[in-house]
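Engineer: Chains as they are written, first to last, in my numbering: chain A, 1 to 407; chain B, 408 to 814; chain C, 815 to 1221; chain D, 1222 to 1628.
Think of the hints as simulated: they come from the structure by calculation, not from any bench. One or more hints might be untrue.
[As the list claims (entries may be wrong)] FRET-style restraints, in silico, Cβ to Cβ:
1. B:423 / A:83: 29 to 35 Å
2. D:1482 / A:391: 32 to 38 Å
3. B:551 / A:83: 54 to 60 Å
4. D:1226 / A:209: 52 to 58 Å
[What the hints assert, rightly or not] Mimicking DSSO-like on lysine-lysine, the simulated pairs with C-alpha atoms at most 27 Å apart in a straight line are:
5. A:264 / B:416
6. C:1078 / D:1230
7. D:1485 / C:823
8. B:733 / B:671
9. C:1078 / C:1140
10. A:121 / C:935
11. D:1342 / B:528
12. D:1485 / D:1547
13. B:671 / A:9
14. A:326 / A:264
Even for Gly, the Cβ is constructed at its ideal location relative to N, Cα and C.
Number of protein chains: 4
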Amino acid sequence: MELRRWPRKNDPESIRARQDALAPRLDGGGEVFSHDLAPFAQATEALTGVALVPVAVVGPLDVELGDYELEEPEGGLAERGRAQEGVYVPLANTEGGLSISLYRGARAVGDSGGFRTYVLKDRITRASAFLFTDVAAATSFARWIETQAAHMRAWLEGDPIPGLSRHAVLREIETHVVGPVCHVMYAFTTGDACGMNMITRNSYALNQGYVLERAPDRPRRAMLEGNMGGDKKISHRYFERGGHGKTVIAECTLTEDAVRRVLKTTIDDLLELAFVGTHGAVASGMQSVAFTPATAIAALFTATGQDIGMVGTSSMAHGTAHRVEKGLHVAMRLASLEVATVGGGTTLPYARSWLRLMDCAGPGKVYRLAQIVAAATLALEISASAAMATAGSENFYRAHFERGGLR
Amino acid sequence: MELRRWPRKNDPESIRARQDALAPRLDGGGEVFSHDLAPFAQATEALTGVALVPVAVVGPLDVELGDYELEEPEGGLAERGRAQEGVYVPLANTEGGLSISLYRGARAVGDSGGFRTYVLKDRITRASAFLFTDVAAATSFARWIETQAAHMRAWLEGDPIPGLSRHAVLREIETHVVGPVCHVMYAFTTGDACGMNMITRNSYALNQGYVLERAPDRPRRAMLEGNMGGDKKISHRYFERGGHGKTVIAECTLTEDAVRRVLKTTIDDLLELAFVGTHGAVASGMQSVAFTPATAIAALFTATGQDIGMVGTSSMAHGTAHRVEKGLHVAMRLASLEVATVGGGTTLPYARSWLRLMDCAGPGKVYRLAQIVAAATLALEISASAAMATAGSENFYRAHFERGGLR
Amino acid sequence: MELRRWPRKNDPESIRARQDALAPRLDGGGEVFSHDLAPFAQATEALTGVALVPVAVVGPLDVELGDYELEEPEGGLAERGRAQEGVYVPLANTEGGLSISLYRGARAVGDSGGFRTYVLKDRITRASAFLFTDVAAATSFARWIETQAAHMRAWLEGDPIPGLSRHAVLREIETHVVGPVCHVMYAFTTGDACGMNMITRNSYALNQGYVLERAPDRPRRAMLEGNMGGDKKISHRYFERGGHGKTVIAECTLTEDAVRRVLKTTIDDLLELAFVGTHGAVASGMQSVAFTPATAIAALFTATGQDIGMVGTSSMAHGTAHRVEKGLHVAMRLASLEVATVGGGTTLPYARSWLRLMDCAGPGKVYRLAQIVAAATLALEISASAAMATAGSENFYRAHFERGGLR
Amino acid sequence: MELRRWPRKNDPESIRARQDALAPRLDGGGEVFSHDLAPFAQATEALTGVALVPVAVVGPLDVELGDYELEEPEGGLAERGRAQEGVYVPLANTEGGLSISLYRGARAVGDSGGFRTYVLKDRITRASAFLFTDVAAATSFARWIETQAAHMRAWLEGDPIPGLSRHAVLREIETHVVGPVCHVMYAFTTGDACGMNMITRNSYALNQGYVLERAPDRPRRAMLEGNMGGDKKISHRYFERGGHGKTVIAECTLTEDAVRRVLKTTIDDLLELAFVGTHGAVASGMQSVAFTPATAIAALFTATGQDIGMVGTSSMAHGTAHRVEKGLHVAMRLASLEVATVGGGTTLPYARSWLRLMDCAGPGKVYRLAQIVAAATLALEISASAAMATAGSENFYRAHFERGGLR
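Just need the whole structure built from these sequences, with the hints factored in.
Structural biologist: Written out as structure tokens, the structure reads:
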């Protein structure tokens, strides 16, 4: 077949045509075509079959969650209360040892009083870029647009163009001039959605309907995204400051007893590992300090319909371990955790059910989900670190030897 | 329930116990428990249900693939030939517009002569760390161990310890001394597996059975991984040099005609976008230059049973666009693409079938898979860039407006 | 002699004692002791002799300088006017070819209409750190202190403690919580001084006299600097955002004619170099894009009594080259240029004279100096790039071959 | 005057003409013209006057230095012996408190048994770049040139072209292909010179006389430097791996007693500072972990005629602090310390004398100098850290308050 003749629609005939064309190549693997695709017809063009990933569930994790609300109009987060809960986490994965290790970490934390989690920031950024002939115009434009955030927010609220999202609220504008280009970071909040789609539409509207109409210095060219926006590529900007999702921290103070009994190591050994691992991270140019945050985040994202392309950016992590009077304080900061409880993949079967398991489906749940992900990530980090901290990292080896699973 | 009582085994009773305990929380979402879990019993502890992700298929992509073999004992890659093919790519995703965009990029490339792909390097690294009392001992140890790579390779081949992998062949050792610590980067090849499990076992054996037995300077402590190994965290080391998977480049020279007709833009406009986007990447501290490589990689990884936790590291990308006589040369370098065609999730139903679709299942196929992933990633990059390069990025906006899919 | 007996004072006897003790080691090199040290007695303890560096002067550079003023109380920069001037730049250096190359770059720019320079931001930051027992306290503290900037500014103005600087005006506070630590970035303006000394004293006063007295969450420990302050170490934070000195951009649009006649190359060749060099910078993990900004900055800093330890941070540069209708637009952004026209080494003979040469000595001159440094840096960058852009970089080679100077 | 008429030569008339033209601008500051410039006539074109910087001397520092030799032909470093010495260090600076602080750090180390220093690597890199039409050619070229290092070394030894340096010995070649470009890192040793001039000439010869003559794939364009060479811009490549100067580590194990008595703090307090400062460095995107290495390096570089433009790159530092049985182990790794004892500014009066003070002038001394710089840098780091580690960093504040010097 020629590529140009490949059917892209999702009517039953097109789906069937694709399946028929491909079946001979599968060598019997017809299971991928054996599911009802109707619920997924809006999810992707050229829909043809399914992937199925096994899901482990571990719980209940003992987590003290904050209850957060956005303050208007600045969009800061106010903590309305805190409550301790037991939460079950669904882990879509095929990595033997992952769920048992996360379980062990959660037990050590549970025996030490549980996780506590905090949401520090909520923003999602589209960084448009405006190209001028020289720096003079770009800086003059920057000075102008920096004064426009409130007007732009109001303009968007007036619904000036069809197709805009009311959920995507512009909060701040930051500019960055380099050469003849003025990058404009539009920072939004987007309710319980991840919001890339919303902010793409609203930013386009701002650029075309507001900026190009009113800017005293007319740019030669406007680009919706000039690559300072942090979407799906790790960057220091978003590691340090957040701004592409939720900035969340999970913490726990592990007791000596839990470290010894559950984690089979000592605080001193964990601190030596932290010393070695932190400096190893720096030496190799990691833009994070952690052992394995992406593992837990990937498992939770896959189960709950998050954007898998955001596993890397959502895993920008800064872990710390510090001895305090009561034991070992450990914390994990996730700078830009891109989670949603509405929209996109979260609306589909399976994903929606796994969100429900955590009471995270639908509106009003996104800060809850962010905190649970952070707690689960810290649970796995603690356990993997403990295994690594044993003499010769024997327990880490054993986990791979005995539970490596699918070799 | 208490966490400590949560059943972790995968016998039918334990699975059922977990499902029964959780069912009330799902609010009817029983579809997650409705599949036969037997094929997945080895995949994860605490197996409880499944996640299901819709898969689009696009093709055939026109790709000239290299045929590569490892040279012994150095482990360099020899190109044995090149052949042009049509390849169908399975994209597990819920992002409206992704597959149609990748399709469009592939068409522009097809009309320009097709993709060409190259594998430059194949290594997977475990970076153990040895802690001493001072720098003197650490540097002396470093000088010793740097001379041991060939002996270690031979020692591993002698199968000195049960449970080692014969597929994980040690190729080089590099050291890095910082403070009283000597980090030792063991660089392996692992056949067609991703190989983290293998190299964990073999590195443990090296540390315990070889190093600690023979090192003139005995370390105070050996750690299997000291965080210079590049596993699941982006780092400059592995972005620049590869060493955690395959280093692959895909390229194409787009013709003026294909750019205009298929991509609806111009070479000049694409070059202006490249100018803005490259400097935007630098300004925001991205350790890559690209727009959206993780999107394609995530979709292919999810469909084919790769480790989803490696989406971020596998997406470390360096894209370029350069005008040449015949049009616009575009290329995408993926420094550390962590793919497998045997082992782990690739052995499971669904994943195996999607691998078969690309003739990438089983031994001898991993370089093929790496190249196809690179080509697909470049296809999407081209199309997304073209949409962004239109006036005001109108076409990028339209894609989100019209195909946003699941809002 | 024993270290503990080494005289540290600067009275004539102590100076002489040091000189006498060291003279035998100099093998006749008494010139280092042959100068009157009295003018330098306040500059450093254990004053013993001098270093002498030859200074080239090149000019007049044709520069259009902005006239800037700080706006109160926000501390933004208002441009009051612009004027074109001819400026002579003193270059303390021993690098054959440097001054002649900068001269050539300046000529090409002069023939193209001259440099234009802009100051975008002025801040200097001390990042204190407050250590708590847990994240809960650190985040609660962060929320409190973020509201205190205006009160703190007023408190400092009340001169609550002897020894504070009135020139160091607190402008904003930003916090960063990682683990149980709250980093607090105090961003000041410091008039025409570099200001590290001032802001150290004022930050100490804030920490001890304000924060520890009033914070609802009392920290376990306050540290004046927790290493987020950007002092003398390159960091992405200060490369992107500025905040440790002046953010300045110099630009010029080179004409085809000047490129050909003066620079002996072509715009196409310069653009190919920019393509290669920009991607080479990314590939090697440079936190900048430029060829040789530190060369010009070092020469100007050494001549004018700036802090030589800040050459690296002041050289964080982002250079661009972009074809426009009238030729090749080139620009150099210096994110954190740490210059002073009062205080520190600028008050000493020689330094003060070289500042006078540029009409940059004393109060009210610091933005002028920053702009001249940026223009000179761009001049050298243009010329070095042009030499590199010739076929095989022959002209770059020739400059090193013929003018290498002191081999 | 017009720029084009500015005299650039260094004959007495030209010098005088420049001085006469500029004198009216100096407002009496004729001291800059009052020195005999004859000794500096080869140092820079457009020589016009001098800068003079006061120099403190502190010592004797108690350092155990390694005696190193290059092994042929690989260019590895062999340690031939170690010897303890007392060394005086000249610090050209105008920063009140610097020399007294370095003195204090040296005392604490002296009381703890002295510094020990190690040179791990010696290389200086020129990274030429070869531009092709596509990746196919660039990768094919890379495979070829990687096999040519030994032949190239021999070719250079045959002195095929006038003006080459025999001191610059090619050791290895590494390639990096990105897009249609093959970067070629030529790694040299250059004896006791810094060597940028030498390797520029030799690399040009290699490119023009060897590569372009013999490469099976002829590049469209050769550039002497494509910006992967690490010259004067900080980069992760050279921070991690060295390759632009000497990789040196200095260490000491501070006793409890010295920490308390001399440094006025405790090991626990220093460790808390290290915890905060290391994570602060990561959070702000520093490509180093240290407080103030550039301060000591700048002072030594200015005194001894090193290239001031290399202060930033030479200061890429990785400091560690770790509790061991006997006290607190501290170490400072300088990855790419660019020092020379012959050539360039080191040949001039003043610089040469200050080098003699340390017995570091002339051939055979460069590893000695590198080690002394590292020890001095660690001395200052220890003392500054100790001041910062006191309660509220009071002692750091006091140093700035009492010794700020020139306000």
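Engineer: Confirm or reject each hint.
Structural biologist: We went through each hint and held it up to the structure:
Restraint check, residue 423 of chain B to residue 83 of chain A: a C-beta distance of roughly 31 Å satisfies the suggested window 29 to 35 Å. For residue 1482 of chain D paired with residue 391 of chain A, a C-beta distance near 36 Å keeps the hint of 32 to 38 Å intact. Remark: the range hint 54 to 60 Å for residue 551 of chain B to residue 83 of chain A is upheld by a beta-carbon distance near 56 Å. Between residue 1226 of chain D and residue 209 of chain A the C-beta distance comes to about 55 Å, which sits within the given range of 52 to 58 Å.
This hinted pair checks out: residue 264 of chain A and residue 416 of chain B have alpha carbons roughly 21 Å apart, not beyond 27 Å. Only pairs whose Cα atoms come within 27 Å are accepted, and residue 1078 of chain C paired with residue 1230 of chain D is accepted, the gap being roughly 21 Å. Between residue 1485 of chain D and residue 823 of chain C, the direct Cα distance comes to roughly 21 Å. Compliance with the 27 Å bound is thereby established for this hinted pair. This hinted pair checks out: residue 733 of chain B and residue 671 of chain B have alpha carbons roughly 18 Å apart, not beyond 27 Å.
Proximity of residue 1078 of chain C to residue 1140 of chain C is assessed by CA-CA distance (about 18 Å); at most 27 Å being required, the pair is judged to hold. The hinted pair formed by residue 121 of chain A and residue 935 of chain C meets the criterion: a straight-line CA distance of about 25 Å does not exceed 27 Å. Simply put, residue 1342 of chain D and residue 528 of chain B have alpha-carbon atoms about 25 Å apart, close enough for the 27 Å limit, and the pair holds. With a CA separation close to 18 Å, the supplied pair residue 1485 of chain D and residue 1547 of chain D stays within the 27 Å bound.
For the suggested pair residue 671 of chain B and residue 9 of chain A, the alpha carbons sit about 21 Å apart, so the restraint of at most 27 Å is met. The straight-line distance between the Cα atoms of residue 326 of chain A and residue 264 of chain A is roughly 18 Å, inside the 27 Å bound, and the hint therefore holds.
Hint violations for this structure: none, all hints satisfied.
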